[in-house]
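**Q** Sequence:
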Amino acid sequence: MGRAWYAYVVAAVAAFAGCDSRAKAADPASARPESKSKEYESCGASMHCQDDLRCFDHVCRRSARSTVGDYYAALGAQQRSRGELEAAIDSYNKALGHYDSEKIALPPDVDCAYGIALSAAKAKKEHAELAARVLHRCVLAVPVGSSLRDRALQELATLTDSGLDPLALGRTQLADVYLTRAPAAPSTDKLQVTLSTNPSVDSKKTYPVIPERLAQPDMRSALVACWEGYNKATKKASMAVSIPLKVSYIASEYEDEPGKFVTKIEAAGTKPAGPDADAENCVRATVEPALKSLNTIRDAFSTNLTITVK
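No gaps in the numbering here: position 226 of the sequence shown is 1156 in the working numbering, and each next residue is one more.
Fair warning: there could be bad hints in the mix.
[To be verified] In silico DSS-like cross-links for lysine-lysine, where the CA-CA straight-line distance does not exceed 27 Å:
{"hint": "1", "residue 1": "K1194", "residue 2": "K1176"}
{"hint": "2", "residue 1": "K1201", "residue 2": "K1176"}
{"hint": "3", "residue 1": "K1166", "residue 2": "K1120"}
[To be verified] Okay, the calculated beta carbon distance ranges per label pair:
{"hint": "4", "residue 1": "S1168", "residue 2": "D1148", "range": "20 to 26 Å"}
{"hint": "5", "residue 1": "F986", "residue 2": "P1147", "range": "55 to 61 Å"}
{"hint": "6", "residue 1": "A975", "residue 2": "K1166", "range": "52 to 58 Å"}
{"hint": "7", "residue 1": "S1011", "residue 2": "D1208", "range": "34 to 40 Å"}
{"hint": "8", "residue 1": "A1181", "residue 2": "K1055", "range": "33 to 39 Å"}
{"hint": "9", "residue 1": "D1091", "residue 2": "D981", "range": "41 to 47 Å"}
{"hint": "10", "residue 1": "V1192", "residue 2": "S1168", "range": "27 to 33 Å"}
{"hint": "11", "residue 1": "S1172", "residue 2": "D1148", "range": "18 to 24 Å"}
{"hint": "12", "residue 1": "R1012", "residue 2": "D1119", "range": "36 to 42 Å"}
{"hint": "13", "residue 1": "K1055", "residue 2": "P1219", "range": "32 to 38 Å"}
{"hint": "14", "residue 1": "P1202", "residue 2": "P1096", "range": "34 to 40 Å"}
{"hint": "15", "residue 1": "A1198", "residue 2": "Y1001", "range": "46 to 52 Å"}
{"hint": "16", "residue 1": "Y1179", "residue 2": "T1118", "range": "37 to 43 Å"}
To be clear, the hints were calculated from the coordinates, so they are not data collected in a lab.
Glycine included, each C-beta is placed from N, C-alpha and C at the ideal position.
Make a model of the complete structure from these sequences and hints.
**A** The following block contains the structure:
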């Protein structure tokens, strides 16, 4: 019995000595650095993240942040949701400026949101070009499968009609220029033709016959054709032309005959040759005959009629 017990104790001591009591499944020291989650990758605890990252909501995130920078980023997101795109872009620029001045690396989530705001304002070519660059930077900074990367790619897809070359996104470094393709011709199906007057003559009872006439299919097609020429020359999505319009009552020379209302479009002012002058001439040639042929206007007024196609 004594020998058996002695052998058992010796075996137990040997087995215990061969085990590392510090090695645990959840011990961060046992995890290899290269196996730890990178920024925006999933995690169960902060020990699963690489150095300088913390686990928040099961995602590894950096803890070094600029509070003021994040404030301006939040303000920019709010402004973008309200459609205040220029204000949003300005706020994101301030956010980037604070991160730079505080010498804190810019978090990709702020940069990606900046790219989304720029993409929303892509009607301006300079915003579209910068949006492509910032969104590509976002794609390169975040891991595959992350929601930030997916959203950035969705926004980049909206820049196709602006001339984005998708091959530029296949590079592992930023390109010099992204919008190298000819922009796609915008569809005219969603174009709207609107009228406004200054001073307003909406109170005139028979004024509505003018917008009714200009909204008819033949007039819309002609005005859209004017817009297409203007858009091709300027790449602008909106065309606006103002025409001085005057409706006067002319009394009859005879007592037994009623007078009549006459529509007159004042002569065009001097304007340098170019897309704006061409657009005005096109709109005038379209609108003037149609308005002069209206015989149902029974109000005298003088106004600037602005026709906008966008």
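**Q** Does the Cβ distance between S1172 and D1148 fall inside 18 to 24 Å?
**A** holds (22 Å)
**Q** Just to be sure I understand the hint, the distance between the Cβ atoms of A1181 and K1055 should be within 33 to 39 Å; is that true here?
**A** violated (55 Å)
**Q** Does the Cβ-Cβ separation between F986 and P1147 fall within 55 to 61 Å?
**A** holds (57 Å)
**Q** Could you check the hint for me, namely that S1168 and D1148 are 20 to 26 Å apart, CB to CB?
**A** Since S1168 and D1148 have Cβ atoms about 22 Å apart, the given range 20 to 26 Å holds.
**Q** Take a look at whether the Cβ-Cβ distance between K1055 and P1219 falls inside 32 to 38 Å.
**A** holds (36 Å)
**Q** For the pair S1011 and D1208, does the Cβ-Cβ distance stay inside 34 to 40 Å?
**A** holds (38 Å)
**Q** State, for the Cβ atoms of A1198 and Y1001, whether the hinted interval 46 to 52 Å holds or is violated.
**A** holds (51 Å)
**Q** Can you tell me whether the CB distance of R1012 to D1119 sits inside 36 to 42 Å?
**A** violated (27 Å)
**Q** At the C-beta level, are Y1179 and T1118 separated by a distance inside 37 to 43 Å?
**A** Since Y1179 and T1118 have Cβ atoms about 38 Å apart, the given range 37 to 43 Å holds.
**Q** Evaluate the given range 27 to 33 Å for the C-beta pair formed by V1192 and S1168.
**A** The hinted range 27 to 33 Å holds for V1192 and S1168, with Cβ atoms some 32 Å apart.
**Q** Indicate whether the distance between the beta carbons of P1202 and P1096 respects the range 34 to 40 Å.
**A** holds (39 Å)
**Q** Would you check the hint for K1194 and K1176, treating anything up to 27 Å between C-alpha atoms as holding?
**A** holds (5 Å)
Violated hints, in rising order: 8 and 12; the structure is consistent with all others.
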